[in-house]
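Residue numbers (our numbering), protein chains in the order written: chain X, 9 to 326; chain S, -4 to 188.
Note that these hints are calculated values from the structure, not bench results. Accuracy of the hints is not assured; some may be wrong.
Distance ranges between label pairs, derived from CB positions [unchecked claim]:
(1) Ser39/X - His51/S: 49 to 55 Å
(2) Pro177/X - Ala95/S: 22 to 28 Å
(3) Glu55/X - Ser167/S: 22 to 28 Å
(4) Arg75/S - Asp249/X: 35 to 41 Å
(5) Ala95/S - Ala25/X: 37 to 43 Å
(6) Arg66/S - Glu55/X: 38 to 44 Å
Here a beta-carbon is modelled for each residue, glycine too, at the ideal position from N, C-alpha and C.
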Amino acid sequence: MRDDNLHPSDHDLLLFADGELPGRRASQVRSHLSACWHCRERLAKIESAILDFVRLHDRSAGSDLPPASGPRALLKARLAELAAASSSSILPWIRQALRPRSLAYALPLLLAAAVGAALLLHRPAEIAPGDIAQAEILPNPQLTPGATRPISLGALCSIRHDEVVRTVPSALQRQVLTEYGLSNTRAADFEVDYLITPGLGGADDIRNLWPEPHTDATWNSYVKDQLEERLHDLVCSGQLDLATAQRQIAGNWIVAYKKYFRTENPLALHPHDAPDAPFLAARAPRDAGNTSKREPAEPGVLPRRFRRIVEWNRPGWA
Amino acid sequence: MSIPPTDALRDLPFVAVQAHPASLQPSEIECEVIGHFDQFRSPLLRYVLSLGLTIHDAEEIIQEVFLALFRHLHSGKSRRNLRGWIFSVAHNLALKLRQANRRSWDAATSNETLARIQIDPAPNPEEQLLSTQRQKRLLTVLSAMPEQDQCCLRLRAEGLRYREIAQVLGISLGSVSVTLTRSLARLMRLDEV
Chain X
9 MRDDNLHPSD HDLLLFADGE LPGRRASQVR SHLSACWHCR ERLAKIESAI
59 LDFVRLHDRS AGSDLPPASG PRALLKARLA ELAAASSSSI LPWIRQALRP
109 RSLAYALPLL LAAAVGAALL LHRPAEIAPG DIAQAEILPN PQLTPGATRP
159 ISLGALCSIR HDEVVRTVPS ALQRQVLTEY GLSNTRAADF EVDYLITPGL
209 GGADDIRNLW PEPHTDATWN SYVKDQLEER LHDLVCSGQL DLATAQRQIA
259 GNWIVAYKKY FRTENPLALH PHDAPDAPFL AARAPRDAGN TSKREPAEPG
309 VLPRRFRRIV EWNRPGWA
Chain S
-4 MSIPPTDALR DLPFVAVQAH PASLQPSEIE CEVIGHFDQF RSPLLRYVLS
46 LGLTIHDAEE IIQEVFLALF RHLHSGKSRR NLRGWIFSVA HNLALKLRQA
96 NRRSWDAATS NETLARIQID PAPNPEEQLL STQRQKRLLT VLSAMPEQDQ
146 CCLRLRAEGL RYREIAQVLG ISLGSVSVTL TRSLARLMRL DEV
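Put together the whole structure using the sequences plus the hints.
What follows is the structure, given as structure tokens:
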């Protein structure tokens, strides 16, 4: 049994002051303090050090914090956007369906539906060789309906559109080419492109990727880049909502281009965007067999803001 | 004398909200998240700023924290120790961003903090001088401590209980109490020099 006359350590005194001591030990310390002026002086010194620190922390972290009203309003807007996206999400339905009781009833139906969907949606496209260039200017909507990832408008608009560059993994590129029945053609004739660009919330998902011919077509990938940048600007300036932009570029990007540029033909490309411009060679080292155009200007070095968003959206990171 | 900013938080019960049904509607979660924002924004902002970030970056991190909280609650995950969870996410985001910015935390604390302390008002010039000199010495002692020790002190100053601090920093409960005792002992020795 502990002797109440033994002086408690500084450690015990601090835990006592912070209410972190177990009840029995706290009673012993309280009883000791009532009898021992020496230990009360030690406790007072600890409290004084705490007060010193709190004052320092208060001042060093900024005693005059900016008002919360602006950030609060911004958060509300972002949450409303997230909540709207969540309402249309099928995740809660999936969670409900995956509960054991529901699963017993639903599993056979789910399996049948999955097999049916796989047969309908992911059969290889049957495209005659001569039709390839024209066919893939617009993706096959059954194979590439478009897919988005959850991202806030604030995060999306905190970076420039052209900073959102991503490399489509080569395995995924091969999968896309196979899906389109192009596994035996020259990979260098195509770029595996995003239908909904990451700069508009597009996902790294096979349903959002298609092999786009990048050579002689009037409506080529460089023209689509113009549209992507235009839509990003419109969304971030509040002139167009993100869902509409995603829907229009996924529906028919050429129609969207004509609508948002008010033209029947593609505008002249900026010299830097022309296919022969040197930096595009850095963006798309096609001769190396990489058919993705989403290469950063400096390979391996992503812009700071983009790195941040990638990190913040890493699954399970938070 | 300035009132320590953490008193209100210290009086709060430990945040251990009962698990809500997973079927909570997004709009209800939205209201709940805004409620947490109102409760924790100031202490979070002070803590993140104390890690050497700019006010812009700190505000941005706090937005991300509460968006992450929405996703956390919407996915039906645990509501236990939400305050610890919130500080934990903010702490991790702040360190990541600081690393990305390659900004020296030491430089931030020593330069910006000193600038703030130098304009700290005191009753008269003599007391002001003494107060400033003492706070500079305190800051020097604090800056010499390992970052984990400083984080322990700052989280405690924001009202977190020991087990919440342990959760944020990923250390044991015993380490928190030992660290706090050791750090306060260093601050107490300031007047003995």
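Query raised in the report: Does the hinted range 49 to 55 Å hold for Ser39/X and His51/S at CB?
Result: holds (52 Å)
Query raised in the report: Quick one: are Pro177/X and Ala95/S within 22 to 28 Å, going by C-beta?
Result: holds (24 Å)
Query raised in the report: Given a hinted range of 38 to 44 Å, is it respected by the beta-carbon distance of Arg66/S and Glu55/X?
Result: holds (41 Å)
Requested in this report: Hint says 22 to 28 Å; check whether the CB-CB distance for Glu55/X and Ser167/S agrees.
Outcome: holds (25 Å)
Query raised in the report: Okay, Ala95/S versus Ala25/X on CB: inside 37 to 43 Å?
Result: With a Cβ separation near 38 Å, Ala95/S and Ala25/X satisfy 37 to 43 Å, so the hint holds.
Requested in this report: Can you let me know if the beta-carbon spacing of Arg75/S and Asp249/X is within 35 to 41 Å?
Outcome: For Asp249/X against Arg75/S, whose Cβ atoms are near 37 Å apart, the range 35 to 41 Å holds.
Hint violations for this structure: none, all hints satisfied.
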